[in-house]
Amino acid sequence: MSVADISASEGITSSRWARLRNGGTESWILLGGVSAIIVALFAFLVLPLYALLKKSVEDDKGNFVGLVNFEEYFSSVGLVQSITNSLTIAVLTMVISCTLAFIFAYGLTRTCMPFKRSFRAIATIPILAPSLLPAISLVYLFGNQGIMKGLLFGESIYGPIGIMIAMVFYIFPHVMMIMVTALSTTDARLYEAAESLDTKPSRVFFTVTLPGAIYGIVSAAVVAFTLTITDFGVPKVIGGQYNVLATDIYKQVVGQQNFSMGAVVGLVLLIPAVFSFIIDRHVQKKQVALLSARAVPYHPKPHKTRDAALLIFCIMMTVFLVGILGMAAFASFVTFWPYDMSFTLAHYDFDAVDPNGWSSFFNSLKLAGFTAVIGVVVIFLGAYLVEKGQSFPRLRNVFHMLAILPMAVPGLVLGLAYVFFFSRPENPLSPIYGTLAILVVCTVVHFYTVSHLTMLTALKQIDKEFESVSASLQVPFYKTMLKVHVPITLPAISDVMMYLFVNAMTTVSAVVFLYSPDTKLAAITVLNLDDVGDTAEAAAMAMVIVATSVTVRILHGLLMRTLNARHSEWRTR
Amino acid sequence: MARKPKSTSKSKSPGERAFLEIRDVSKMFGDFTALQDVTLDIHDGELICFLGPSGCGKTTLLRAIAGLDYQTTGRIYQKGRDISDVPPANRDFGIVFQSYALFPNLSVEKNIAYGLVNRKMGRSKVKARVEELLQLVGLEGSEDKYPAALSGGQQQRVALARALATSPGMLLLDEPLSALDAKVREHLRHEMKELQRSLGITTIMVTHDQEEALSMADRIVVMSDGRIEQVGTPMDIYRNPTSAYVADFIGAMNFLHGKVVRKGHVKVGKMDIAVNGAADQFKTGDEVVVCIRPEDVAVRDLAQVKINRYAMAIRDVEFLGSFCRATLDVGGKTGEELTADFSINLMRDFKLERGAKLNIALPKEQLQVFPSNGTDIPA
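Heads up: the protein sequence lines correspond to chains A and D, in order. The opening residue of the first sequence carries number 27 in the numbering used here; numbering runs sequentially from there. The opening residue of the second sequence carries number 57 in the numbering used here; numbering runs sequentially from there.
Possibly wrong hints are sitting among the right ones.
Beta-carbon label-pair distances, calculated as ranges [said to hold, decoys possible]:
{"#": "1", "chain 1": "A", "residue 1": "129", "chain 2": "D", "residue 2": "247", "range": "46 to 54 Å"}
{"#": "2", "chain 1": "D", "residue 1": "111", "chain 2": "A", "residue 2": "517", "range": "30 to 38 Å"}
{"#": "3", "chain 1": "D", "residue 1": "243", "chain 2": "A", "residue 2": "300", "range": "56 to 64 Å"}
{"#": "4", "chain 1": "A", "residue 1": "43", "chain 2": "D", "residue 2": "243", "range": "44 to 52 Å"}
{"#": "5", "chain 1": "A", "residue 1": "43", "chain 2": "D", "residue 2": "333", "range": "53 to 61 Å"}
{"#": "6", "chain 1": "A", "residue 1": "420", "chain 2": "D", "residue 2": "247", "range": "43 to 51 Å"}
{"#": "7", "chain 1": "D", "residue 1": "85", "chain 2": "A", "residue 2": "486", "range": "39 to 47 Å"}
{"#": "8", "chain 1": "A", "residue 1": "517", "chain 2": "D", "residue 2": "243", "range": "31 to 39 Å"}
{"#": "9", "chain 1": "D", "residue 1": "135", "chain 2": "A", "residue 2": "43", "range": "19 to 27 Å"}
{"#": "10", "chain 1": "D", "residue 1": "85", "chain 2": "A", "residue 2": "54", "range": "20 to 28 Å"}
{"#": "11", "chain 1": "D", "residue 1": "89", "chain 2": "A", "residue 2": "61", "range": "30 to 38 Å"}
{"#": "12", "chain 1": "D", "residue 1": "89", "chain 2": "A", "residue 2": "65", "range": "51 to 59 Å"}
{"#": "13", "chain 1": "A", "residue 1": "65", "chain 2": "D", "residue 2": "135", "range": "51 to 59 Å"}
{"#": "14", "chain 1": "D", "residue 1": "250", "chain 2": "A", "residue 2": "50", "range": "31 to 39 Å"}
As a list, the in silico DSSO-like pairs of lysine-lysine whose alpha-carbon atoms are at most 27 Å apart [stated by the list, open to error]:
{"#": "15", "chain 1": "A", "residue 1": "505", "chain 2": "A", "residue 2": "486"}
{"#": "16", "chain 1": "A", "residue 1": "414", "chain 2": "A", "residue 2": "505"}
{"#": "17", "chain 1": "A", "residue 1": "509", "chain 2": "D", "residue 2": "407"}
{"#": "18", "chain 1": "D", "residue 1": "166", "chain 2": "A", "residue 2": "490"}
{"#": "19", "chain 1": "D", "residue 1": "201", "chain 2": "A", "residue 2": "486"}
{"#": "20", "chain 1": "D", "residue 1": "176", "chain 2": "D", "residue 2": "201"}
{"#": "21", "chain 1": "D", "residue 1": "176", "chain 2": "A", "residue 2": "505"}
{"#": "22", "chain 1": "D", "residue 1": "326", "chain 2": "D", "residue 2": "407"}
{"#": "23", "chain 1": "D", "residue 1": "181", "chain 2": "A", "residue 2": "505"}
{"#": "24", "chain 1": "A", "residue 1": "509", "chain 2": "A", "residue 2": "312"}
{"#": "25", "chain 1": "D", "residue 1": "183", "chain 2": "A", "residue 2": "505"}
{"#": "26", "chain 1": "D", "residue 1": "176", "chain 2": "A", "residue 2": "509"}
{"#": "27", "chain 1": "D", "residue 1": "201", "chain 2": "D", "residue 2": "326"}
{"#": "28", "chain 1": "D", "residue 1": "166", "chain 2": "D", "residue 2": "176"}
{"#": "29", "chain 1": "A", "residue 1": "509", "chain 2": "D", "residue 2": "339"}
{"#": "30", "chain 1": "A", "residue 1": "312", "chain 2": "A", "residue 2": "414"}
{"#": "31", "chain 1": "A", "residue 1": "311", "chain 2": "A", "residue 2": "486"}
{"#": "32", "chain 1": "A", "residue 1": "414", "chain 2": "D", "residue 2": "166"}
{"#": "33", "chain 1": "A", "residue 1": "311", "chain 2": "A", "residue 2": "414"}
{"#": "34", "chain 1": "D", "residue 1": "362", "chain 2": "D", "residue 2": "319"}
{"#": "35", "chain 1": "D", "residue 1": "323", "chain 2": "D", "residue 2": "362"}
{"#": "36", "chain 1": "A", "residue 1": "505", "chain 2": "D", "residue 2": "166"}
{"#": "37", "chain 1": "D", "residue 1": "183", "chain 2": "A", "residue 2": "509"}
{"#": "38", "chain 1": "A", "residue 1": "311", "chain 2": "A", "residue 2": "226"}
{"#": "39", "chain 1": "D", "residue 1": "413", "chain 2": "D", "residue 2": "323"}
{"#": "40", "chain 1": "D", "residue 1": "166", "chain 2": "D", "residue 2": "201"}
Derived by calculation from the structure, the hints in this document are not laboratory data. Given the structure is predicted, the values throughout are model-derived calculations rather than measurements. Using N, Cα and C, we set each Cβ at its ideal position, and we do this for glycine too.
Given only the sequences and the hints, what does the whole structure look like? Please build it.
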């Protein structure tokens, strides 16, 4: 570097300071906002994960022991068996759910069968239920007293079969929605070209349809794999003696109080999650370029056999989904399945069977409400700073990377990390341990990434010159944000709030280590009730959660309709 | 381009200084140089156009003047005040973007009043100012409409009214007309120029459309690759381009590749072209290009013409409405062509059609000569 270069770079640095000084309040607010949100993500994500990592190389008394815990883990046949079990379940569930969801989505997007909207609406219902619900239903259907037990030919539902069926139910909407998107974004002209060249339908399918949807399919497969391997509710209820990684963490920590071993299993669980996260990010980037702006949307033409076949398939799939949900609902209303089928509301008297009873439901409502409101404010501001901030590009980039990170961290791992980090009395943040606050923070962080990306997409569609115009008119950026960006992105804001609310209602994995007797949640109560054998009450509580989520979703729909009507003057699309 | 000597403007008294002084401004995006040592004075009340192809740095320069993207090095002075490190909010300008950037959820009135409301102006005063501005841009009575309900041209006017609302000292226009239909564009071009002249506001307009620049600007700054190629009045730029690049970029131009055979004479194919004194800088044997605009190729009254008179065949004729563009065969092995614009009238009088032969002259005073080593000279 020559002397001239050095003096030039000094000039640039001094300019930077001059610009920051001259920028006045606005610059400082921007800098403060980005810094605050980075600090928060460090405190509530990075440092807890570091605490988990540290715990895995310590003994019970907190002494550094190197890789001893890992050696112990890998020498235990039982624990290593769980890795194989988890992978088997995840791969099989992935294949089954992706196949079913692909056919289902194909029916919704590429045929002229009737009732498409209803099929789609019904297929998203599982999102509104905790993952414990399908497991409980399966117990009723195929358990020791199950009416359809004979269909299993002597196999037990408690084990891999049960886990897989319940998982397919639970992850179906996630996978189906990705498949629908993948199959919707196609160029009709490719099909017209194939047709004009007199191509066989099967060849069209393998040369046009599949390649066009391949990124979506990979993405769906990755999501299916991750959700299955990290879910805790399903194997807990119906896994029986079949151990998987998720239940191992719980057993080590809650059952045996072996925190170091819990940390080791958590890290093992983190590996496939991070791996699928990387694949997904990679695929998402490629997806963008696939569809040109000039593509012509595809409109299917009627085809009797195809339409009929897919209609039958979709009906069967719907029967499966509704059947599982209906079984839980039914069981919660009958006196004693399957012997006394008389109607009763007794199972909804939670105060009679659980010390927390209905209060856990109100805790869940509080958690979901706070998570939705606090979460959406933080997520909006964060996404706004990333997308619209005019200075500090490096800081904004750091924040964006941190915001993507939670997607790679399974809920159980995050919850466990929180235990290690916040339970230590020397941590200044330890007072929130055991309160509702830590549950809110943990839930917001757990579901941060999807919300952040949704918000970011909405903000990206807003003219990037608004900030410039605002500056030229000497209006501070935060005023324009409130007056212009918030109203325009209201649909996305509402989407994010609903997503956070529903997930806070149904989640078990992250909060299972963090609740205290005062802050016990509805989904946890389902777990406990099922544990002690009050299965009907567990089903009833799960139904209360579903009913709440459905109500919120209907309210959301109504709100969107009113918004659209009121803003029809300026909301053109 | 040679580096210009450092400006000494700081020593000048404020009275002598230009409205806006741009001194050695450079902008780097990583390794890419978007602007390189740009130095330019912009005078009070003029409409100046930054003209060039996409990627030439014209928008980057505009954004540096606005403070929206700071320059990497160099200084900018507005009315003698150093604004190089001043954020846009503390500068004095109004801006109109190509997308107009109208707030879709605010009515026309609220859009225009956006900057006024923040100045703690009384409500009735704001209303009066908005009315005045709407009248100025010819949109009376549109206060309560939303941008989505307006045509492109109307949106453009609202954006202009919003930019002018706070009576800024300088107006910046970033491709303000390029999102509009040809008809509307021509109409607005005229209107905006009138408005600018009557307000007397210093205006900088960025455009890639040479017609727009030629018809509106008091001065044009032709840019390429982050550097200024030429600054001058539209007529000056069109008639006396200082480089083959400018000659090619503005208007249509013939480029005849040849060699200097003796002082003041260039051989192109079989033609010996007498060029004016402008070619004195070249030595015998130098490779050069001789330039002439298609409309300057003479056909009438050739009787007295002694020099640069040639017989050529019409290879092709392209009908372009008010005139025809003919491709003439220069002759020789190179197969070089000369395009000439002939009026319909002339076509009729001389019975010109494909294959016809005619005499043409290349008037010496209309010829320009540039070295042919430049990479941007069309073959």
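Inset, instruction - Could you tell me which of the numbered hints above are not met by this structure, giving the numbers in increasing order? - result: 1, 7, 12, 13, 17, 24, 27, 29 and 38
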